[in-house]
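Peer 1: One-letter residues, chain by chain:
There are 2 protein chains.
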Amino acid sequence: MDNNQLIQEKVSQATAILNEFDIDLWLTFVRETSLSPDPTLELILGMDMVWHSAFLLSRDGQHKAIVGYYDAENVRQTGAYSQVIGYHQGIGESLRTLLRDEDPQQLAVNYSTADVAADGLSHGMYLVLQQILDGTPYSGRLVSGERLAAALRGRKSSIEVARVRQAVHTTQALFDEVDQFARPGMTQREIADFVHRRIDEMRLGYAWDKPYNPIVTCGPHSAIGHAAPGDVVLEQGHTLHLDMGVRENDYCADLQRMWYVLEDGESAAPVEVQRAFDVVFGALRAGEAALRPGVPGWKVDEVARRHVVENGYDEYMHGFGHLLGRVAHDGATVLAPRWERYQGVCELPVEAGNIFTLELHVIVPDRGIMSLEEDVLVTEDGVEYLSDPQSELRYIRPR
Amino acid sequence: MDNNQLIQEKVSQATAILNEFDIDLWLTFVRETSLSPDPTLELILGMDMVWHSAFLLSRDGQHKAIVGYYDAENVRQTGAYSQVIGYHQGIGESLRTLLRDEDPQQLAVNYSTADVAADGLSHGMYLVLQQILDGTPYSGRLVSGERLAAALRGRKSSIEVARVRQAVHTTQALFDEVDQFARPGMTQREIADFVHRRIDEMRLGYAWDKPYNPIVTCGPHSAIGHAAPGDVVLEQGHTLHLDMGVRENDYCADLQRMWYVLEDGESAAPVEVQRAFDVVFGALRAGEAALRPGVPGWKVDEVARRHVVENGYDEYMHGFGHLLGRVAHDGATVLAPRWERYQGVCELPVEAGNIFTLELHVIVPDRGIMSLEEDVLVTEDGVEYLSDPQSELRYIRPR
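Residue numbers (numbering that gives the first Met the number 0), protein chains in the order written: chain A, 0 to 398; chain B, 0 to 398.
FYI, nobody ran anything at the bench for these hints, they're computed from the structure. Each hint should be verified, as a subset may be incorrect.
Claimed, not checked - Computed cross-link-like contacts, DSS-like style, restricted to lysine-lysine with a CA-CA straight-line distance of at most 27 Å: (1) 209(A) x 63(B); (2) 63(A) x 63(B); (3) 209(B) x 209(A).
What the hints assert, rightly or not - What the simulated footprint calls covered on chain B by chain A, stretch by stretch (three residues with Cβ under 8 Å from a Cβ of chain A suffice, anywhere in the stretch; the number is not a length): (4) 49-59; (5) 77-84; (6) 261-269; (7) 288-296; (8) 376-387.
Yeah, the Cβ is synthetic: ideal placement off N, Cα and C, and Gly gets one too.
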């Protein structure tokens with residue numbers, strides 16, 4: 000099965016990453032993951048666990064799992080673990096025994112102050128783990144697995160790239176449908192309802208919360224940000240903006256597209272609308288040119304941000320880009336300024352295999368927002384677009 | 000809106016619970032909740048947050064939130080917070096200021112070694128919080144909010160009970176459709192595919208992972224536990240068992256139903272099949288009779304377990320019941336034995352307003368599993384069934 004192949008691919012990638020970072024053992028320790036998921040688990044297992052479960056990835060490639068006996072057979076069937084131990088009453092003794100056998104010098108666990116995707120160990124489970132390890136040497140050998148998690152999640156495998164590419168393709172086709180559907184006089188909600196109906200008909204998922212996907216911004220009177228589509232009406236002379244992404248086969252797209260609603264008699268957008276488009280498009284291109292392996296994320300943001308400000312617009316109050324994968328905000332490295340809330344992740348270097356969004360906006364007074372977003376794959380020597388970048392404003396003509 | 004009403008209902012319930020447990024302030028501290036959800040957040044907010052966000056519920060009922068400015072308007076619209084602060088670059092200063100104003104003597108946060116539903120604070124976010132509180136008196140005033148979370152989640156409000164009741168109703172109707180659909184010669188997978196098609200057509204969700212919902216157990220050769228339906232064929236003379244629940248309007252059902260496939264010429268199940276049904280049904284009734292407010296969970300399990308063992312069957316190697324709500328395993332109190340993996344939650348007392356599953360199984364050699372599960376609401380003086388309990392074996396007749 001494709002899913003098992005993906006899990007096997009990621010788990011064998013983890014073996015290489017453990018060796019690269021010189022860590023002996025990487026423990027993912029979870030329980031009731033439908034309530035309390037660990038982002039790493041979906042990469043190395045791909046299913047929910049009910050009882051306390053331990054997944055031990057080893058630098059020698061002999062990966063082991065200790066899980067409730069009801070879950071053991073499902074874990075075996077992934078083909079990713081050389082040993083799966085199913086327990087009945089409690090995990091403590093099995094885990095201590097296995098650690099004694101492996102005797103790791105460093106035991107990486109999933110916590111991180113900076114990277115949410117590397118921070119799947121709850122504080123309560125951290126305390127449970129300390130209780131289990133009490134009196135063993137391993138309680139003193141716990142280290143943060145954040146570099147491991149960032150590498151494993153951030154460096155997309157071939158199956159992962161193919162899946163994001165497909166989600167991008169589907170999302171772009173939906174934008175084309177919006178071309179045909181949207182007309183002046185419609186509300187934000189009517190446009191969002193249309194998109195929802197189509198996504199549901201295709202039995203696809205949403206890259207983020209459905210009520211805010213798509214975000215639909217019509218003209219100058221819509222709230223900007225993560226707002227739910229409401230009763231604002233699409234009017235001639237205004238911009239229309241959609242921020243949207245499907246989740247298809249567990250992987251996401253995250254794209255923004257721009258329209259201008261022509262006035263009667265107009266055949267092109269007014270100069271200030273066109274100029275805003277050109278500046279946003281230019282800033283995306285400038286940022287893209289700075290995006291290559293080894294560059295810290297904040298430097299990419301800085302190039303795009305400078306382009307916006309030097310052209311006389313206010314700077315955007317968010318990051319220029321984020322990783323994209325199983326979720327829209329896929330953890331670790333961000334292309335974002337060195338603000339408090341980005342500390343620890345905006346300094347991380349871009350790596351080949353990363354898939355980033357590139358996005359920013361400016362405001363056109365009395366017209367609305369101008370905001371674009373593309374999805375790109377970082378290669379060894381630059382960038383490959385997964386989306387067909389919007390290089391021209393799209394027009395909506397009154398009927 | 001119904002959802003905002005539900006959030007307001009739960010948040011005002013939280014005010015009463017803070018007073019009951021004599022805690023000044025309850026902090027839910029999260030970031031990127033689509034990757035790292037806190038189970039408490041869905042009760043007190045009902046949407047995802049992107050940046051670092053703090054929700055402070057106070058015993059005086061003046062609840063406050065500090066969130067990224069893009070998310071602020073959505074939080075205001077819940078109507079549950081008297082103040083919503085939207086920040087631009089970082090949450091630290093606003094959070095310290097608000098805590099100085101409130102000056103709580105105890106600051107409850109969401110960690111728990113025993114209760115996964117009360118353990119939404121990641122270890123990394125615990126460390127971030129310690130950094131923010133460093134040098135203030137509040138770093139020394141953190142306490143586990145597990146009693147608050149268990150009470151808020153476990154005591155279902157009227158809207159929550161109505162929603163579970165609806166999910167149970169829908170799930171029961173699906174079992175009736177299986178009556179019509181299932182025939183000897185079908186595989187587990189065919190039966191599961193039928194259920195999936197129906198749930199997807201109704202645009203409903205799954206109370207747990209779709210690949211294991213329904214669990215379909217056919218005769219003596221199916222794996223028991225959380226196994227995905229496979230190629231085992233439903234045969235005459237065997238039992239058929241489904242464990243299934245829809246998620247409807249954010250609330251879940253979790254039910255098990257039993258069929259026997261009649262042999263040619265048979266008009267009833269063989270005596271050993273009927274006897275197993277009677278013992279399982281009797282054990283559920285015995286457990287139900289022990290279920291009332293104030294009783295610790297393990298004592299309820301003990302009554303049901305004893306009924307099974309005294310009738311000569313092996314004891315079931317799981318708990319007799321769990322809470323049910325937004326997820327199938329809804330945290331806190333379990334009706335389960337005092338095994339290591341249930342420590343800390345099987346001792347908790349049953350409360351009025353709790354919704355429990357009651358479930359257990361025995362094995363009938365050469366025939367298959369016999370397993371039932373019902374959903375019940377605990378009232379002030381006993382139990383109200385939300386499901387129509389299966390009191391007779393259902394039959395599948397060969398065509």
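Peer 1: If a hint holds in the structure, say so; if it does not, say that too.
Peer 2: Here is what the structure says about each hint:
1. 209(A) x 63(B): holds, 25 Å
2. 63(A) x 63(B): violated, 45 Å
3. 209(B) x 209(A): The given pair, whose Cα atoms are some 19 Å apart, holds under the 27 Å limit.
4. 49-59: The restraint on the region 49-59 of chain B holds, since 3 of its residues have a Cβ under 8 Å from chain A and three suffice.
5. 77-84: Coverage by chain A is violated here, the residue count being 0 at a Cβ distance below 8 Å.
6. 261-269: violated (count 0)
7. 288-296: As far as the region 288-296 of chain B goes, the hint is violated, because 0 residues have Cβ atoms under 8 Å from chain A.
8. 376-387: Result for this restraint: violated, n = 0.
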